[in-house]
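Given the structure of chain S, go ahead and fit chain E onto it with the hints provided.
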Amino acid sequence: MSEQNTLPSYGYVGKIAWIDLTSRSFNMIPTSDYAPKFIGGRAIATKIYWDVTKPGMKALDPENPLMFMTGPVGATGIPTGGRTAVCAMAPNNLPEQFCWGNIGGWFGAKLKFAGVDGIVLVGKADEPVYVVIDDGEITFQAAGDLWGTLTHDCQEKLRAVYGGDSVSAVIGPAGENLCRNASINTSNDNVAAKAGFGAVMGSKKLKAVVVRGTGDVRPYSVEQVLKLRKTMGDPQRKANPVEHLDRCAFRAHINFETPPGAVKKANVSCSHGCNMRCSLFVLDTKSAFPRKYTNQVHKCIGVYAFQMTEDCGMSPTMFFHTEKNHNQACLGQGAQVPPPPDTSDPHLEELTTRRRGSDMDFWDGDYDRGNVINDLCTQYGIDKWDVIVWLMTWLVMGKRTGVLKDVDLGMEIDPGSEEFMKHLLEIITYRKGYWGNLFAEGMARTIRTLGQEKYGDTIYKGIVSNVVPGLQLDIPISFASSWGHSFHWQGRGFQGSTPPGGYLSATLMLMTNTRDAQTNSHVHGTLDYMKETMDAHKACRNRKVAENAFMGEIKAEMKECVTCCDLQSPQIYWPDMECRMLEAATGVKMSVDELYLACERSKNLFRAILMRDSDRSRAQEEPEAYRPLQYPDCEGQVVEPEEFSRLVDLYYDVWGWDKETGWPTRETWLRCGLEDVAEEMEKIGKLPS
Amino acid sequence: MNEKKQGIKDRPAEELGRHIIQWDPDISLCTGCGACEIVCSLIHEGVSGSRSRRIFFEHDSVQLMHKVYACQQCLDHPCYNACPKKDSAMCIDPETDIVYVNQDACIGCGLCVRACPFEPKRLQLNRNKKAVKCDLCRGRENGPACIEYCQCLAIGMSDDEPPVPGVIVKD
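In order, the protein sequences belong to chains S and E. 689 is the number that the working numbering gives the last residue of the first sequence; the numbers go up by one with no jumps. 171 is the number that the working numbering gives the last residue of the second sequence; the numbers go up by one with no jumps.
Looking at chain S on its own, in the form it has when it is part of the complex (with noise of 0.2 Å):
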């Protein structure tokens, strides 16, 4: 591929608008500013980021840029196309970092469709106003009737103005009061949540994005994206019935006896021209508010508030796959019903026994809390993940342990009560009294204000292995892994089942990254890798641990710059599934090789922002990532620090990085194309010799 920056006339729409509520005003760039070299969506944000901010810039001040990109693939029709990049710095991560998300839904694919590849949000407007653009026009308008209201009452106010194909952007209440763990929303359930964007947007008195656009996206090639919408996924082509259910059955552990007729379930896709559609979806679930039912989505980490009393069983076959077997990542959490498995597959047994790795008994099944705890989150605007898996696993896990015994939190902590939840996510939302003031600044500053020694660190002792009966899992009762976000495949706590190969993959993604990764990078591998590195002391040594890793995260970047969904990619054996998607969107043909390249500079360009804004080197990250590790897994086994070491040894060098300091040498940067950071990073003084 040429290096010359020409866009190409397929894909890309052309233009980025750059949108300042201070001055409410707006101009449109190029997209040719940035891509094909930047490729779109994360790679084009992250570069704007480089050039337009300055070290010392907080996540609320009005300067941090807030980013919605898309890519060439988005909105041509090519399976997951419709996912979007969303970048900014981040409040829920500590330290404040640059960070990503991605966020499904049809927003994105309405940006390409009103004329814009992509839309920049800088300054801070007087009064809350929401943004319109309409087929390319942009109108500011007032948000004093929004303001206040939660993520799906607004985005149905929104649809009433602007019309049923109008598309929006939203956050609850969480946002508007600069709560750390706030999400933007869009859609039922499809969030930017964990980098807590929401307060960014609050902080900029933006209530609301909303989009309408009539307009055209041509690919390249219509016969080439007619073939991949019949390739990609395949084969799913089956009925999707509104199932009637008498029992809750989300996933193996979750069984546990409802109302009858009480569980109506399907799947639904979550994103423009999606083929996968794994997102559970039930229907008339009961709501935290007037409003007497509600339909839900629900992915990954909302079953959990369903019930927690087991580890999250994993099969092989979710991650580690053969050439007659695979299936994405997580396939199966939310009781996404995966292709029927190959049975001529000698490896079957292997790949479909599920493996448990320990008991916690958090909280019982009840399915109607769990929709509420569900749907408060959502409609606040609220993550998850920093509420089911870490604030309700810690006041567990504290108060067992005695930690929270003079801790007054209005009523009595049972994370198990529904009116407990209720009344805890109404005071973090709210900013209510201390604790709602503390809780709304995230988990990770939460523990670091108590203290993290006995409010981080005390050791629970209530979590027993399943792979060696009787094995005793120590555990602290802070499920924290790094900067400022919880354990997610770290093979540790309530995710104890992810084998060596998984977790030590895992933690070197998290390790180079500013927030949990595990939802762009979920790790893959073939069965043979996983079966070399079930004991992590040998697998510290194994340079295909670092090579997985590497796969993983250049494939996050191709995910997010090109752009498709983490439940459509990595194929392992289909290795240039995402070169075909970019050739039948734009005509630029690409081999493996160039395109991973493309995604190392995208890559090294987030390390130089980390390395120039936020001091990043070995010396930060290794002890940062490193922490869970010294907690036993399910099978009992710790890693040393001079063994993971180790393995950031090999890891560093599989990207080019100096070992010493964890920077990219001239060579890499060169390599990359950047010639300009390389130039800027010797000019800082963090050009290694």
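Don't read these hints as lab results, they were simulated from the structure. Don't take each hint at face value.
Stated by the list, open to error - List time: in silico DMTMM-like cross-link candidates among lysine to aspartate or glutamate, alpha-carbon distance up to 25 Å: (1) S:LYS205 - S:ASP134; (2) E:LYS67 - S:ASP165; (3) S:LYS238 - E:GLU15; (4) E:LYS86 - E:GLU119.
Leaving out everything else, chain E in the frame of chain S:
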């Protein structure tokens, strides 16, 4: 099967021809991917976009109970009757009795859209002010593309047997 509820004008079934319908959710729930209108506009106009579609996917952004609307292929052809250039712009296929549009002759007056008795309207003017209307992908070997590419079998032909839930369809 829900067409009567969806349309403001309650036309008896005997006045409707063979047309595309959305199955009841108990048979197959529309997932909201929009593949029907995406492939419709791609195949007919080479682009993805709402102004080029012949089938109308109405996205329910919060409750996710999406609707798909298509031309009912009325046997009394009100759109054809309203066309000032009938048999030149709006034409009737002699073999199938389906109304189709010859865009070269269409003058973009919009009378056909106004004459459509359904709400939302089942045909529209595209970006070039030419009428676009579902003709069941007239002449296409595999029949209507929207049905072929609906991966969850949420739409079908009005006189088809509904799909059996859970059955994998092989191409």
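Tested hints:
1. With a CA separation close to 20 Å, the supplied pair LYS205 (chain S) and ASP134 (chain S) stays within the 25 Å bound.
2. Proposed proximity of LYS67 (chain E) and ASP165 (chain S) is supported: the alpha carbons are some 12 Å apart, at most 25 Å.
3. Our distance criterion of 25 Å between C-alpha atoms is broken by LYS238 (chain S) and GLU15 (chain E), whose separation comes to about 32 Å.
4. A threshold of 25 Å between alpha carbons decides the hint, and for LYS86 (chain E) with GLU119 (chain E) the separation of about 23 Å falls inside it, so the pair holds.
In terms of the numbered hints stated before, the structure departs from hint 3 and from no other.
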